[in-house]
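Line by line, the protein sequences are chains B and S. Taking this note's numbering, I'd label the letters of the first sequence as residues 1 to 232. Taking this note's numbering, I'd label the letters of the second sequence as residues 1 to 284.
Derived from the structure by calculation, the hints contain no laboratory data. Predicted model only: the values in this text are computed from it and were never measured. The beta carbon of each residue, even a glycine, is placed where N, CA and C say it ideally should be.
Covered by chain B, according to a simulated footprint, are these stretches of chain S (three or more residues, beta-carbon under 8 angstroms):
| id | segment |
| --- | --- |
| 1 | 105-117 |
| 2 | 149-160 |
| 3 | 222-231 |
| 4 | 235-246 |
| 5 | 265-279 |
Not close to chain S: a few residues of chain B, all C-beta gaps over 12 angstroms, as computed:
| id | residue |
| --- | --- |
| 6 | PRO2 |
| 7 | GLU24 |
| 8 | GLN28 |
| 9 | VAL35 |
| 10 | ARG89 |
| 11 | PRO93 |
| 12 | GLN109 |
| 13 | THR115 |
| 14 | LEU121 |
| 15 | LEU128 |
| 16 | ALA145 |
| 17 | THR146 |
| 18 | ARG213 |
Listed below are the simulated DSS-like cross-link pairs for lysine-lysine, each with C-alpha atoms no more than 27 angstroms apart in a straight line:
| id | chain 1 | residue 1 | chain 2 | residue 2 |
| --- | --- | --- | --- | --- |
| 19 | S | LYS107 | B | LYS205 |
| 20 | S | LYS107 | B | LYS192 |
| 21 | S | LYS107 | S | LYS118 |
| 22 | S | LYS56 | S | LYS68 |
| 23 | B | LYS192 | B | LYS205 |
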Amino acid sequence: MPRRYVANGDRMLLVEFPEEISKEINLQVHDLASVLATKNVPGVIEWIPSYRTLGIVYDPLQASFQQVIDSLDQIEDLGGHIQASRSRRIEIPVAYGGEMGPDLDFVAQHNQLSTEEVIRLHTANEYLVYLVGFTPGFPYLGGMATRIATPRLAEPRPRVPAGSVAIGGNQTGVYPIESPGGWRIIGGTPLKLFDLDRESPFLLKAGDSVRFRSITLEEFQSFDPLTRFARS
Amino acid sequence: MAEPDIYNSVLANRLVGNPDGAAALEITIQGPEFNILEDCLISITGGDLSPSLGTKLLPAWECLSVEKGQVLSFGKRNRGARAYLSIAGGFKADQALGSQSTDLQAKIGGHRGRSLRKGDLLFRDRSSSGNQVFIKRKLLPEAQWEYGNPFVLRVMLGPQTSCFLPGTVEEFRRQEYVVTPNSNRMGYRLKGPRLEASPSEIISDPVPLGAVQVLPNGQLVLLMAEHQTVGGYPKIAVLISADVPRAAQLCIGDRVRFEAVSLERAQQLLRAQEEKILRCVIEA
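Put together the whole structure using the sequences plus the hints.
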């Protein structure tokens with residue numbers, strides 16, 4: 001697959017794959033990242049996988065832009081490295097609407113659907129975690145029904161509560177921590193997507209499959225924090 | 001490391017003999033008052049927030065010994081926005097995901113993941129290799145910070161060059177911007193002439209420290225230490241690493257202009273800055 005190297009400032013190199021959101025392209029990004037994890041590329045500090053771009057942070061005092069490119073050009077054998085880690089399936093319980101989902105009505109109106117229909121469509125599909133980023137543990141999920149796509153807020157909210165399940169354009173995701181945010185909030189999950197006290201602080205990883213399940217407010221409130229890893 | 005002004009946090013550590021990554025305190029605009037409970041060596045660098053010991057003003061940019069019972073305080077802001085306070089041995093701080101830096105949004109690292117409050121007790125991290133022998137270091141004046149207003153910040157153009165017409169880039173380089181009150185450790189909102197990006201959103205991609213995003217409303221955001229890892233707004237430019245510390249010293253109302261340099265020049269300037277620090281930290 002063709003790739004292009006672009007400087008993103010003086011200490012990040014972007015490896016860009018074709019400009020679209022697709023599983024195949026995203027797999028290339030994560031494959032390259034997983035190869036980097038097994039190699040010690042001089043000067044490379046860390047990397048940020050996204051949809052179609054891998055951002056590689058390097059120390060320019062140790063390696064030049066061209067030297068990092070030369071190292072990357074030696075990595076050719078891609079494909080299949082992280083297939084195994086792509087098989088996790090995780091279910092996320094969501095209390096839709098009400099105070100937890102102040103924008104559910106808007107999403108329904110915007111798409112000329114009932115709120116029940118929005119919930120049905122949102123829980124019907126299986127989603128792929130394309131990347132985790134923005135704030136610690138935020139999953140960018142692909143595969144949402146276009147019938148519930150809704151544009152972002154014109155002015156982001158200064159505070160979106162942790163656990164908010166939201167729609168931004170054609171994407172859906174979950175806010176792991178309280179943060180500013182411009183996506184439409186349709187519900188809330190009792191799961192903690194980011195918890196430093198856990199052995200694995202991040203609930204979701206790129207490559208995971210996610211399904212949402214509708215729960216009542218009572219179920220939300222009675223959720224046992226010890227069994228909240230509702231994995232199927 | 002997640003200090004916006006890495007230049008001054010590194011300097012503060014080197015002046016007291018700490019490793020570069022030792023936990024230091026970032027003091028923004030309005031300084032706290034510390035009761036010193038044990039004799040120790042400290043250093044203060046960065047913005048001038050009138051540090052004083054009792055009633056006596058303290059010099060910045062050098063290793064100082066302070067004694068039990070003394071009161072270290074900060075007062076009027078003379079220039080810059082952030083001062084850095086380091087202690088020989090480093091401050092004891094929470095470790096989170098391989099860093100001791102505080103992330104206010106994620107509420108992790110530092111002191112319980114939050115800003116300091118009245119009554120907090122801070123300890124020296126005795127486990128780190130501090131300046132056990134009494135060697136006082138200071139910084140030659142030539143490496144102390146230069147401030148100006150309007151600030152000229154150097155950037156590399158891109159990476160989303162195709163989102164901007166040549167005229168828009170020209171406009172960006174010519175105009176002056178003002179730091180608005182809607183600014184924090186995550187980023188500064190800059191107010192200036194409206195810039196147009198087309199398309200106005202991209203497929204979210206990695207954002208570096210110092211990225212200059214163009215929002216759909218045509219205004220700019222300069223991303224700082226607590227910036228997000230990926231973003232969907234086009235980036236017209238990225239601040240060069242050597243100038244990130246200067247941006248960290250901006251205050252609300254300060255004016256900035258951007259000057260474009262090449263990648264080679266940017267890396268050259270960073271190397272020169274590092275060499276300057278190495279040369280200018282000397283024994284007092």
